[in-house]
Structures are given as structure tokens and as C-alpha cells.
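A.B. asks: Here the sequence shown stands for residues 0 to 500, numbered as in numbering that gives the first Met the number 0.
Heads up, some of the hints might be wrong.
As the list claims (entries may be wrong) - Simulated restraints, written as ranges between beta carbons of each label pair:
#1 GLU99 x ALA70: 28 to 36 Å
#2 SER385 x VAL425: 18 to 26 Å
#3 LEU402 x GLU363: 40 to 48 Å
#4 GLU427 x PHE221: 33 to 41 Å
#5 GLU165 x ALA70: 35 to 43 Å
Calculated directly from the structure, the hints in this document are not laboratory data. Ideal Cβ placement from N, Cα and C applies to all residues, glycine included.
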Amino acid sequence: MPIDYSKWDKIELSDDSDIEVHPNVDKRSFIRWKQQSIHEERAKRNNDIKNLEFQVNMNGRLNQRVDKMLANLKDADLVDREAVRKFLNANFDKTEKGEEDNVDPNMPPYNEMVEDLFEQLEINAKKVGANPKDGAVIRKLILEHRQKIDAVTKQAKEKLSQLYKEKASLISSDDIRTGFDKGFVNKKAEAENAAAKALTSTQSSAPSEPSLPAPPLNFVSFEDDVMELAPQTKAFGQISPDNIQGSESFLLKNLQIMSEQQKDALMMSAFEFEMEGYSKQAYQVIHQSELISYIREIYDMKKIPYLHVGELTEVVKMFFLKVFYNRSNNQGKKSFLDSVQAKFEHVKKRVKVMQQEEPQEGVETIQLKSLDDSTELQVNLPNFDSKDPEEIKKQNAFKKLPLKMQNAIKTQSLDAINEVFAEMPVEEGEEILEIFNEGSIIGINALLEDEGEFQQLQEKYQSDAGVNKLEAEGQAESHDTEPTRSVNDPQTEISTADVVD
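Take the sequences, apply the hints, and build the full model.
C.D. replies: Written out as C-alpha cells, the structure reads:
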């Protein structure tokens, strides 16, 4: 197996013995300075990452509160300090606040920070000469503040992404893990060491060195077969459009299915459902595909090339909050459902055109018809009033047939019977033919000139590879009589009459 040495290119050396320095500079001192510089840069990078992660997380928490207030509170409530406080405490944990190592422990909870924001907005309204008790003015100022926060958050995320890449591109001693360094295992000693380490870790208060960020996750995508659906995507397509909370919960647990390929494959499955006549399922998968499409479009605006769990989770929650849970404004929901309906109508129209352009080919159906111009099929109804054992046998066979086929036979129209056969699978049609044979329901009338012609007709039907296989029964008495013969096969009964010299 070939060995990949490229990982050694990421090692950040701080004590390279081959380093070239000025003759007037002490080499050991220069190496120590270089070591110190590398460690300081690494510590600063880790600290910047922690600060930016906290900033992005805090802004997300605050935005959740502001968005929900804007969606559910009226303008009059936005200027009522007590109404704002009650709403925040009823919908969010009033004790929740940032608790990172580099965060001021006296930092107020998020709910209080939002309340302070409203106080500041009232002050800002007075500065510009607006009425601070006008709910519409406060709402406008909140939206402007929200845009500023989004811009700051975007910059923080871009910087954070850059720092992630820098940190992942270098290997430090903190990333090195040894393995296979024990030849014998002493179970007792190992247990004692584990217990000692656990005790030491609980007593130690020194913060540990932050580890490398988790490697980027990938979206599910089948490049070889664009129509292939992952099992999770299939399950998501089975969620009813009415179960919005179920869809949100499923996506939050299966973020990886929100790829362009899976979205398109789910949409294409709507064509298959519609072609099979399952319009409800077709609409359902289109609805679910559009959910992925809308969320993915918002996420792509952030220009993150891989699956960032935190970012995508925030986008999913924001989308459902603004589109489906916004009671004060249902325009977003209406626009979404209009898009789903438009695509559903497009699928129905295209399927109809495809069915017209490409009629069904290779679909096997059973149709009864005579194989010779000199013969014709006839429908034989049993005598329901007869007590004859043969007629009773025919009556019992007739009762085994589906009701729709019974009604078609009662019309004694071969076309009506063939219409019922056209709606049946071949396997079911073959069972019906066996019942026809049992009850002698279908017969063939033929005008035969002599015994030789009857034998030729019999041989023709026996040698035919199609639906009819005829077996001759009976024997001609003479050329001077008019015998009645029957030739039976699994489908028909052939009655020969009017034999003429």
C-alpha cells in the first residue's frame, strides 16, 4: 500500500537544526525566538477562534429572541416594557447566558440584553426626533439593528472559517497521538491508572488546550446515479406536508440529506408517482423537495463549501420560524405553497404529455379474439334455472368471477369482456381464463364443409403459439348429418355446427 507523506508538510517546525541565521545572531537564541513566536501565534489563533465562536453563538441566541418577538408581538406590545419581559421569560430561559472561559462572568442573561436593547432603541428614537412610544418606529429600528447584527455576524463567520483552515493546515504537538506502544497489558495496573487519572482530572482546575475543530462533514450525494435517494431522504419524502414540525425535526437530525443531488432526486421521484397515478404522493415529495431547496438556497448564500452543522442548523430554524410559524405575516408560507403547487402542476402536465407521446409499450393484457376468419367467438351464459349437474357446475364457475366480469358476461358482448381484461394484470387474467374454461363461458362457432376441414382447423389452433390452444373433442358421425362438436382450451369452448356436404 502506498504511503502518503503529505501530512508531514503540515508540521510547523520551531527547532529546525538546518536553519540559516546571520553570523552575528546566536542560533540557539534565534530558535527560541522562533519557538516563542509560533506558540504566541497559535495561542492567539485559538483565542480568536473561541471569541468569534462565542460572538456568533451569542448573536444567534439574541436573534432568535428578536425574531420571535417581531413575529408574535404587535407594535403596541413592543413599547410595553412589561409585555416584552413577560414574552421573553415565557418563551426563553431567562437564566441562559454565555458561559465560556473567556466571557465576563458578570455578563447579563440574553433576555436582559434584549430588554436593554429596547431601552437603547427608545433613546435612539428620541435623538432622531421620533416618538419612542410609537411601536412602528421601534419595529423599524429593531429591523435596522437586526441588519447590522447580521453584517457583523457574517464578517465573524468569514474570519472564523479562515482561522479554521489555518489551524487545520498545521500540525502541532497537541495533535500527535501515539499508538501500539504497549506490548503487555496489566489489567489491574491499567485500572488503577485510570482511577488515578480520573481523580486528578476532577481536582485540576487548569483549563485544557482547545482541540482542533471537527473536520467538515459532507452532504449526501450520489454522483454516479443522480436519481438515487438515500434511505433518510426517502423517509423525509414520506412525511405529510401537514406535519411541519415533523419535517423540521427530521431535517435537524439529518442535515446531510440537504444536498443538490438529493433535492433533485426527490423532485424527480414525483414524476414516477404521478405516472403511476399516485398524485397525493407526487405532491408530497415535491413539497418536501421544496423545503430542502429553500433552505439550501439560503445556506448557499453563506458560501460555505461543506456541511457546517451550526450554520445549517441556524438556517433551518430561521426558515421554519419565518415561513411557517410567523402568525402575524403568512406571506412567506403562501409564497412557498404557491411554488409547490406550480411545480406540482408542471409535473402533472409533463406526465400527461409523456404519456401521450410515449404510449405504454410492452404492457401485456389478455384480449379474446378469433384467430380465423371462418370462426367467431360467442359468450355462453349458464342456465341459472337448470338443475342439471353440468349447468350447476357452470353456475358455480360463473360465481367465482369478479362482479365486474360477471356483469360484462351478462351483456354477452365480447368487447365488454375485453375491456375488463384490459384493466387486469396478465396473472389475474389467466386465472379468469381458467374459470372460463371450467364454466364453458366462451365458445367458437365455425362453419365447416367437411371432416377434413374440421381437422385442419383443429391442427391450426393446436399449433398456434398465442393465447389459444385448442383440443378437439367429439367425432363426426357422417357427412350427411349436422353434428355439434366442441373444442376446449383454457380460454374458449369451440362449438362446430351446420356441417354441410
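A.B. asks: Each of the hints needs a verdict: does it hold here or not?
C.D. replies: Results of checking the hints against the structure:
Checked against the hint of 28 to 36 Å, the C-beta distance between GLU99 and ALA70 comes to roughly 29 Å, which is consistent with it. Checking the proposed 18 to 26 Å range against SER385 and VAL425 shows it is violated: the Cβ atoms sit about 33 Å from each other. For LEU402 paired with GLU363, a C-beta distance near 24 Å fails the hint of 40 to 48 Å. Here the CB-CB span from GLU427 to PHE221 is close to 37 Å, well matched to the stated 33 to 41 Å.
Between GLU165 and ALA70 the beta carbons are some 39 Å apart, a value that agrees with the proposed interval 35 to 43 Å.
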